[in-house]
Amino acid sequence: MHIFANPGRFLSIAKPLTPWLGWSGAGLIAVALTGGLLVTPPDYLQGETVRIMYIHVPSAWLGMAGWMGIAVASLMQLVWRHPLAGVAARACAAPGAVFAAVCLATGSIWGRPTWGTWWEWDGRLTSMLVLFFLYLGYIALAAAADERGGEGADRAAAIFGLVGAINLPIIHYSVLWWRTLHQGESISLGGTTIAPALLWPLPLSALGFTLLFGAIVLMRMRAALAHIRVEARLRRLAEA
Amino acid sequence: MAGVKAKHQRLTLTLLAIVAVVGATLLAMSALKDQAAYFYTPGDVVKDGVPMGKAIRLGGMVVDHSIVHAPDGVTIDFKVTDGSDTVPVQFKGIVPDLFREKSGVVAEGRFVSSTLFLADTILAKHDENYMPPQMAGKMHESASLDTSAKTKALQ
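Residue numbers (our numbering), protein chains in the order written: chain A, 25 to 264; chain B, 2 to 156.
Accuracy of the hints is not assured; some may be wrong.
Unchecked claim - Which chain A residues face chain B? A few, computed with CB under 8 Å, are given here:
(1) Leu-62
(2) Leu-102
(3) Trp-139
(4) Ser-210
(5) Leu-213
(6) Gly-214
(7) Gly-215
(8) Thr-217
Unchecked claim - The following label-pair restraints were derived from C-beta to C-beta distances:
(9) A/Gly-71 / B/Asp-73: 20 to 30 Å
(10) A/Glu-255 / B/Lys-8: 25 to 35 Å
(11) A/Lys-39 / B/Ala-29: 41 to 51 Å
Please keep in mind that the hints were generated in silico from the structure rather than gathered at the bench. Just so it is clear, CB atoms sit at the ideal spot from N, CA and C, and this is done for glycine as well.
Next comes chain A alone, as it looks inside the complex (with noise of 0.2 Å):
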């Protein structure tokens, strides 16, 4: 990681590998999307409603992926002071909140008709809505640090980062612990419940959304690099 330390270094295979991971995600997500609203066949209880699916657990994935990079990019500033950690602590939190509140508003679709209602507070519900609010907490947290910081505010930004990431096995073993109206796993690392012919888009789906992710990750870390430098050269020339 420490090869990286150099901005220039870091954007010269920043800059090629943005579009590879844009389009390689955008085309899975075009793949597993028609997939699963066209191909697969609608499941025996939920009917057509079950295609909801192809979004909502991508989205659930990246909602709780994109708070674990802000973990471990807060991790490094603290212990390492890696120049770039905070960037892409930052950079990681805006899509993560979006991909937090598709999944709560696909969820909230998917519940009508399945379970009879739009929301419940139960344990898993509840704490993916916290997740939202933990990601709307940091960025306003990084963005006040980053008007007129310092270094206790980018600080305090970056242990916010870490500590929310409790959240994280609190959102996942949820429907274990407690007893909750949101269904138990489908997908675990001892299998699937999930029928082979409904479950092909969904890794494809995965994937695709969490390369694009990655490329907006890497786009926003190179614009707040390219943002970084012109205020360093409007600096430079107000002194001049």
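Dock chain B against chain A, hints included.
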């Protein structure tokens, strides 16, 4: 060398803090176990006594062949079980499409007598099994049995 030492110190402190926060959270979560449950099961009700008149959620499996439609067309009676205990439930209104026998249900309402739970709202609980309709026939039987065994194991 001083830089390396400071780095190790920060790493140790951060790891200690992480362990402390994770430990505190796990303790809090295990203490929350019962309070954070979204519904009571018939077993809870039998074990702890019927909470008469108090608004609660009752969850479990709808007993096979237990759904009875009253002549008025809107009232239904059915039984909810967790495998060991069973509670009769009455509901007046429209149920979700997925409400059916041998399937999960969460009923919001209150006990009006020790043998009748009057529900205001019925929610269907979906399980973790997904399959095409052709596969469902025989599979569903075993799948729903698995789920009730699992619900039981969780208690």
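**Report entry** Non-conforming hints, listed in increasing numerical order
**Finding:** Violated: hints 1, 5, 6 and 7.
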